[in-house]
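Novice: Residue numbers (our numbering), protein chains in the order written: chain F, 1326 to 2016; chain V, 86 to 286.
The reader is advised that the hints may include incorrect statements.
As the list claims (entries may be wrong) - Derived coverage of chain V by chain F (criterion: at least 3 residues anywhere in the stretch with Cβ under 8 Å from a Cβ of chain F; other residues may be distant): (1) 112-124; (2) 137-146; (3) 160-173; (4) 196-202.
Unchecked claim - In the EDC-like style, the derived pairs of lysine to aspartate or glutamate whose C-alpha atoms are separated by at most 20 Å in a straight line are: (5) V:269 x F:1464; (6) V:162 x V:186; (7) V:209 x F:1464; (8) V:252 x V:230; (9) V:269 x F:1562; (10) V:214 x F:2006; (11) V:132 x F:2006; (12) V:252 x F:1991.
Unchecked claim - Partner residues are not named here, just some residues of chain F that face chain V (Cβ under 10 Å, in silico): (13) 1401; (14) 1403; (15) 1407; (16) 1423; (17) 1449; (18) 1450; (19) 1452; (20) 1454; (21) 1464; (22) 1466; (23) 1533; (24) 1562; (25) 1566; (26) 1974; (27) 1996; (28) 1998.
Since the hints were derived computationally from the structure, they do not count as laboratory data.
Where a beta carbon is used, it is the ideal one built from N, C-alpha and C, also for glycine.
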Amino acid sequence: MSLSLRSAFLALLAAPLLALAAPPEAATEHVQARLVSSQAAVAPGQRFTVALEQNIKAHWHTYWLNPGDSGQATSIDWAGAEAGPIQWPTPSIQAIGPIVNYGYEGRPALLVELTVPADARPGSRFQPTAEVRWLVCKDVCIPEQVSLGLDLPVAAQAQSGADAAQIEEWRRAIPQPAPFAVQLKAAPQGMRLSGPTAGVTKAYFFADTWGAVAHSAPQPLRAEGGGWALDLPAGDEPLAAGKPLSGVIALTTAAGEQAWTVSAAMPEGAGKGPGPADLAAPAADAATPAPASDIGLLPALALALLGGLILNLMPCVFPVLSIKALALVREGNHKAEGLAYTAGVLASFLVLAAVLIALRAGGQQVGWGFQFHSPVFVLVVAYLLFLVGLNLSGLFEIGGSFTGIGSGLAARQGLAGSFFTGVLAAVVATPCTAPFMGAALAFALSQPAVVLLAVFLALGLGLALPFLVLAFWPAAQRWLPRPGAWMDRFKQFLAFPMYAAVVWLLWVLAQQAGPDGVALALAGLVLMAFGLWWRHASGASAVGTVAALAGVVLALGMSAWIKPADAAPGTSASAHEAYSAERVAELRGQNKPVFVNLTAAWCISCLVNERVALSRPEVGEAFAKAGVVYLKGDWTREDPKITAVLKAHGRSGVPLYLYYAPGAAEARVLPQILTPGLLVEAVSSAPRSSP
Amino acid sequence: MTLLRRCLLVALILPGLAQATANVDAPAPAFTAATADGKTVSLADYKGKTVVLEWTNHDCPYVRKHYGSGNMQSQQKAATAQGVVWLQVISSAPGQQGYVDGAGALKLNADRGAAPTATLLDPKGELGKLYGAQTTPHMYVIKADGMLVYKGGIDSIATTRVEDIAKAEPYVTEALAAVAADRKVEKAVTRPYGCSVKYAS
Chain F
1326 MSLSLRSAFL ALLAAPLLAL AAPPEAATEH VQARLVSSQA AVAPGQRFTV ALEQNIKAHW
1386 HTYWLNPGDS GQATSIDWAG AEAGPIQWPT PSIQAIGPIV NYGYEGRPAL LVELTVPADA
1446 RPGSRFQPTA EVRWLVCKDV CIPEQVSLGL DLPVAAQAQS GADAAQIEEW RRAIPQPAPF
1506 AVQLKAAPQG MRLSGPTAGV TKAYFFADTW GAVAHSAPQP LRAEGGGWAL DLPAGDEPLA
1566 AGKPLSGVIA LTTAAGEQAW TVSAAMPEGA GKGPGPADLA APAADAATPA PASDIGLLPA
1626 LALALLGGLI LNLMPCVFPV LSIKALALVR EGNHKAEGLA YTAGVLASFL VLAAVLIALR
1686 AGGQQVGWGF QFHSPVFVLV VAYLLFLVGL NLSGLFEIGG SFTGIGSGLA ARQGLAGSFF
1746 TGVLAAVVAT PCTAPFMGAA LAFALSQPAV VLLAVFLALG LGLALPFLVL AFWPAAQRWL
1806 PRPGAWMDRF KQFLAFPMYA AVVWLLWVLA QQAGPDGVAL ALAGLVLMAF GLWWRHASGA
1866 SAVGTVAALA GVVLALGMSA WIKPADAAPG TSASAHEAYS AERVAELRGQ NKPVFVNLTA
1926 AWCISCLVNE RVALSRPEVG EAFAKAGVVY LKGDWTREDP KITAVLKAHG RSGVPLYLYY
1986 APGAAEARVL PQILTPGLLV EAVSSAPRSS P
Chain V
86 MTLLRRCLLV ALILPGLAQA TANVDAPAPA FTAATADGKT VSLADYKGKT VVLEWTNHDC
146 PYVRKHYGSG NMQSQQKAAT AQGVVWLQVI SSAPGQQGYV DGAGALKLNA DRGAAPTATL
206 LDPKGELGKL YGAQTTPHMY VIKADGMLVY KGGIDSIATT RVEDIAKAEP YVTEALAAVA
266 ADRKVEKAVT RPYGCSVKYA S
């Protein structure tokens, strides 16, 4: 800057004509602006680049081509030269409350190609001027304007200037046309833009015009066919079929952020209104996608390794590990055991990763912890931890005959025992994984299979690492305390974290399977304890062992009766049927009036409406008098069919109240705040049905 | 875990509820708000009349463009003379640009010769967020039957220059003419332009 300032000054002093030229730089209250030329001297007819650099006061911003929800793009009106369009650097997002803008902070440089008139005479001067207007905003907005100009000698031979390198540097911030193709298709919330770049951890699409994309809406990222896909919620003027969407896509991969200009057309036949095809098709798509995580591959691997290490300290894992570590204290060095243990951990994580990949390939939206959505799985893990706890408490010692479950195998001598300790550690670690590994797992789940496997292996390796170190590095074993009588007491103490983990799992089960499920689970625990006590009391006789096994088998068998609790929130006493599109069509076919209430347990205004309006006796009377059939749809859990109905009526959420008068072509959409009077009026103003 | 999922679901859906409730060709969201002269009005009070909502912030350069030139006042007078209800809405939060109390709002309108039917005070931004108002000005037209028929800019040229008003397509005037003639509003959704609404952040 100081260099070009000095050269500008020198030029000012040297050139006699300069009194007429506009200055190359000017400052307003919030922005210092200057024109920078790539050329020291220009040739007639030459096309060259100039930059408008804005040095914006801290915390203020100017705007991109599409300023977003508010604001205004910087404009330059040129005189004295033919000028191309402004080449904009990749903008950043400026969010103020619910309003999202696209623009620049700091020192953006906008590039423009100027063409020197072909008839310019060498020896004369090229003096284009620019009226530059911008809106600069912080919490308030100020429109500002400056007049800038360049003054360059025209020579037969063009001469590059001192700022040419700076301009090339600025040019690198200008997104170039993407070297890959992108696809656009209709999606439940608007559009889905997809491309082939692999390993994308963060992506954002800046639409270059207003209307097609809602600026303020999040753009969920997902992996799709080895590349990325970005859901773009439609804006106020959704893209019509056949119309192109263009803008800048900013993609973050392990290599950093890269932005490209892209353009893709909405396929014909993907009309903007939600037609019947729209309503039926996107069942799988409508599931809420996992939020994209914004970390790279290497950080994800490092996090996974660290997360695995931390898992060793989790209440569910630590006791399992301790069994093995205590064995080491007793028996000394076992490299092979360390390896077998590691193999067990890694094999378990590989299986988990493979299941995830298979589910994903099957089109399911899976998140981490998917296995815990099954109450049976939760129950079996609870039983397993309970058994481990009883073992630690000393209710039973594991002999050769007692095999078949993880903890039994884990205590077996030799390599198989070590392998299964690893498996057990991995299995009991899974519930603890989610909170610590959220970022890395969310990243992995949005990635191609290879990356997902790598992250899971890193996680497993982290989990296995301490034991591996102990096994391979005898010096580390010296840090372990000497064996002694304390070991038994310590072991007994470790039973309690296991019992605590069982309590937690039963709490989870209570959410899933209700009080009946919890009662079944507790009865199973009693049965197992009883069987094992019998075995213990009978001195591990054959009969006792059979009783113990029978207890475990019976307990496991009872898990078959566990069934998920009903989702019904039970919020209204009014007589209603469950909503379905078919039932609506059927009733309308019979010319019956239909009232549809789409609600959810967590929707406060829905519940208020039910309390103050829908369940009032006068409303019930009016409904009965008019023969209205009341259908209720529950959106407490995501239901793509209801989502489609909401969308068809321009809503993104509940409540939605629809009234189909007999014979009416369309539903009347009632307000989101209901009153008894309004409901009575709605159903009474319609002609009476004639059954 | 299901609890966590449910919380997440709510967190994802609630912002969606707040948005996109004011859609053209759908019933305009009902509201009740305090006016600058100390009354309370509801959208339902104006059933049977065309209603214009004008989000405003007197210090915003884009608002000043239309009040400084007299454009907004003349649109207000022309509309109210036709029986249209014209409601200014001030959603600036206290301490933010454009925030005024009732007396301040009345004085501003007296000084500028503005003639809205009423000025709604929305310092909490509830009405603004209900309609998804993003800019000042941001304009909405509601038909006599309560349907929203226009939302967007006051006109087609997004600048702060007064000289652009004459060249611009006056979207709101056109929408009101279409409603009066019982025609469909041709440009029912346009880009709103102006300063951002100064909601509490």
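Novice: Are the Cα positions of residue 214 (chain V) and residue 2006 (chain F) separated by 20 Å at most?
Specialist: 29 Å, violated
Novice: Given the hinted pair residue 269 (chain V) and residue 1464 (chain F), is their Cα-Cα distance within 20 Å?
Specialist: 38 Å, violated
Novice: Any CB of chain V closer than 10 Å to the CB of residue 1464 (chain F)?
Specialist: 7 Å, holds
Novice: Under the criterion of a CB-CB separation shorter than 10 Å, is residue 1452 (chain F) in contact with chain V as hinted?
Specialist: Interface hint status for residue 1452 (chain F): violated (25 Å vs cutoff 10 Å).
Novice: Does the closest beta carbon of chain V sit nearer than 10 Å to the beta carbon of residue 1450 (chain F)?
Specialist: 31 Å, violated
Novice: Mind checking the CB of residue 1403 (chain F) against every CB in chain V and telling me if the closest is under 10 Å?
Specialist: At 18 Å from the nearest chain V Cβ, residue 1403 (chain F) fails the 10 Å test, so the hint is violated.
Novice: Hint residue 1401 (chain F) vs chain V: min CB-CB distance below 10 Å?
Specialist: At 14 Å from the nearest chain V Cβ, residue 1401 (chain F) fails the 10 Å test, so the hint is violated.
Novice: Per the CB criterion, is residue 1974 (chain F) less than 10 Å away from chain V?
Specialist: Since the shortest Cβ distance to chain V is 7 Å, the answer is holds.
Novice: Identify whether the interface hint at residue 1466 (chain F) stands, where standing means a beta carbon of chain V within less than 10 Å of its own.
Specialist: 4 Å, holds
Novice: How about residue 1996 (chain F): closest beta carbon in chain V under 10 Å, or not?
Specialist: Holds. Min distance 5 Å.
Novice: Please verify the coverage claim for the segment 137-146 of chain V: does it have three or more residues whose C-beta sits within 8 Å of some C-beta in chain F?
Specialist: holds (count 3)
Novice: For the hint on residue 1454 (chain F), just tell me whether its beta-carbon gets within less than 10 Å of chain V.
Specialist: Residue 1454 (chain F) check fails; min Cβ-Cβ to chain V is 18 Å, beyond 10 Å.
Going through the hint list in order, the structure does not satisfy hints 3, 4, 5, 6, 8, 10, 12, 13, 14, 15, 17, 18, 19, 20, 23, 25.
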